[in-house]
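Asker: Produce the complete structure using the sequences and hints provided.
Chains as they are written, first to last, in my numbering: chain A, 1 to 437; chain B, 1 to 288.
Calculated from the structure, these hints are not laboratory results. Don't take every hint at face value.
Said to hold, decoys possible - Calculated lysine-lysine pairs in the DSBU-like style (CA-CA distance at most 30 Å, straight line): (1) K221/B / K120/B; (2) K160/A / K120/B; (3) K46/B / K160/A; (4) K28/B / K141/A; (5) K140/A / K46/B; (6) K241/A / K120/B; (7) K203/A / K241/A; (8) K46/B / K141/A; (9) K58/A / K120/B; (10) K141/A / K50/B; (11) K199/A / K46/B.
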Amino acid sequence: MADFAIRVQGLGKQFQIGKRRRSYKTVRETLVDVPRRLIQRLTSRGRESERETIWALKDVSFEVAPGEVIGIIGHNGAGKSTLLKILSRITEPTVGFAETRGRVGSLLEVGTGFHLELTGRENVYLNGAILGMQRSEIAKKFDEIVAFAEVETFIDTPVKHYSSGMYLRLAFAVAAHLEPDILIVDEVLAVGDARFQRKCLNKMQSAGQQGRTVLFVSHNMPAITRLCERALLLDAGLVVKDGPAPEVVSHYLSTGLGTTAAREWSDPDEYPGRHVVKLCAVRVKSEDGRITDAVDVRRPVRIEMEYEVRKEGFKLMPHFSFSNEEGVTAFSVNDPDPALREPRPLGRYLSTVRIPGDLLAEGTMFVSAGISAIDPFVKQFFVRDVVAFQVIDRTDDELGRGTVTKYMRGVVRPLLKWETELLSAETSAAIQAKANT
Amino acid sequence: MSLHSLPADEPSIVRIVPTGGWTSLRLKEVWTYRELLYFLIWRDVKVRYKQTVLGAVWAILQPLMTMLVFTIFFGRLAKIGSDGLPYPIFSYAGLLPWTFFAQGLSQSSASLVSSSNLIKKIYFPRLVIPISAVLGGLVDFAIAFVVLIGMMVYYGIRPSAAIAFLPILLLLVIATTLGAGMWLSSLNVEYRDVRYVVPFFVQLWLFVTPVIYPSSRVIVKLHELGLPSWIYGLNPMVSAVEGFRWALLGTGWQPGSVLVASCAVTILLLISGAFYLRRMERTFADVV
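Answerer: Structure below.
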């Protein structure tokens, strides 16, 4: 028998762009579409195949030995999720094949199938079954799961009354007690407070030590280097690099593909930018001035860029923009300082913007940095996703967000002032009744 | 998280390859996921009873109210025959399989789309979803059945030996619901019009099924036209509804060619529905 846990050969997955954007059809569309396509096929042969498609994965091949812990890194849209979905058998490849040996547990989301109306206990059983555990298996591990999640007192309360932290902990606890031969984990650790994240990482580490094969996707580079001995770097659907994790991670970071809290260029010849101004470094810092890749949702964060003005006499305006994991821009900021309207002398500068606490939403924030000359407007540089950091909600039972317990939608989550005043003690029904008499 | 592939002792190799066209049903795999099936049914039933104020009472109220309306309008006012049985029990016995079918069909046709969060994140045989949606209706059916027993006692109707056929007839109803449900749920993933069509479709189906009226009237008409009676059996719900009355209340219905035709149609519906779902399954996660 071949000695592998996972074997992937020539794997590719093609998406139709149109299909991706508007996934389902209506009968009317099909009725209109079919004759049109027929006519198209008659009039211009071969057009059909030129319909816009993209390859989310292209010719991916690799092998994972049993017991190996392997990290998969890459930019958003590099094909990591597609790879995991194929290995989890959720979607089929277009070409090539993959083989897995033994039980595969794939954790692409925490709490899949959780139902808000059901109690914690009921959800443990339901979720366990969804994850593929036998009822007897769940019953045996039930106490352990509840203890790991630290929700003993609420286990018979419907989960709709749970805080987001309790909910996540319980959901992860069920998943963490699966004992598959191969564990496939997507970035599920990006949520939850630091202490619980550590607990989960430890649990995964021990899974690796027990001879389990782990495939781990993350944006969190320290976690990758700590957990994995080997890493694969994906870019635009291709495996760009495959090797020891620290090596692949540093390659990823140095090529500017990676996300990190601080990016510094060591060689002045390689500073990004045109002849007027060059970028030297971008850093994410906490209030107290330390470089950080994770900030509490309620704490402020500082983003700074260091740059050299190499040519005199230009009015320069620094700029940052912030986008989330889906690539949606949350907001952009320009430095409005009137001093910028004066031509800038030569020198090395540091521009810092302070983002207040209670503004960003939970998740990963990617920062793009740029400087433009104004009057006339000439873009000097714009480095997309140059640094990134995690915004973490407190998920202990003492809530960071008033009484709101659930995940809140949106790219930002500002804390705003509300005012509610009583306009009149009379309702319109009463007023109407009075008018009628 | 999902565990695919089987027993833990012997590491089995799963090969993930592109497939095309019609593929095998992999029923053995569905069987290994029976616990998931059980939990999905359990969840649906539990949540339904938790979320509604009346809970299990709905299961009785629905056929009971329908029976009352039918009895007043069709039994008393329109004086539609009921094969010599009291109209209330005649219609209620027909409403039992009918309600199961109508609810199962609307539940299962929406099932794949409403389970998109599972489909996008976890592997399991997708057949489990419409199956669980249909089987969840059995609980309501069982509750409503108790009422029928009460009515039989009230009217002093003693079932004959034909009652032994009841499990087979129930199987026929389940299979018909599932067959149609698999077709509609797969189509619903691709064409969202389906959810608008289903209620209308169920309504029309009610009128061609002898719930309100006895099938004998239709069969007489068929014979007048020189047509064989099995044509009416092409609607499997005809056999289900008349079969229930025959097995429980002892009507003069004969389970002959009509039942054979119904079973044939149901088997065809079931097999084709399962294969169609399997064929469409590979794109569900990308489309749903």
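Asker: Going straight from one Cα to the other, do K141/A and K50/B come out at no more than 30 Å?
Answerer: holds (27 Å)
Asker: Is it true that the CA of K46/B sits at most 30 Å from the CA of K160/A?
Answerer: Holds - the C-alpha atoms of K160/A and K46/B are around 15 Å apart, at most 30 Å.
Asker: For a C-alpha distance cap of 30 Å, please report whether K199/A and K46/B respect it.
Answerer: violated (33 Å)
Asker: Taking only the CA atoms, is the gap from K140/A to K46/B under or equal to 30 Å?
Answerer: With Cα atoms ~23 Å apart, K140/A and K46/B stay inside 30 Å; holds.
Asker: Quick one, are K241/A and K120/B close enough, alpha carbons at most 30 Å?
Answerer: holds (28 Å)
Asker: Next pair to validate is K203/A with K241/A; report whether the Cα-Cα distance is within 30 Å.
Answerer: holds (27 Å)
Asker: Assess, step by step, whether the Cα of K46/B is no farther than 30 Å from the Cα of K141/A, and give holds or violated.
Answerer: Measuring from Cα to Cα gives roughly 23 Å; hence the hint holds.
Asker: Are the Cα positions of K160/A and K120/B separated by 30 Å at most?
Answerer: holds (23 Å)
Asker: Does K120/B sit within 30 Å of K58/A, going by the straight-line distance between their CA atoms?
Answerer: holds (21 Å)
Asker: Between K221/B and K120/B, does the CA-CA distance stay at or below 30 Å?
Answerer: violated (51 Å)
Asker: For the pair we were handed, K28/B and K141/A, check the Cα-Cα distance against 30 Å.
Answerer: The hint holds at about 27 Å.
Comparing the model with each numbered hint stated earlier shows that hints 1 and 11 do not hold.
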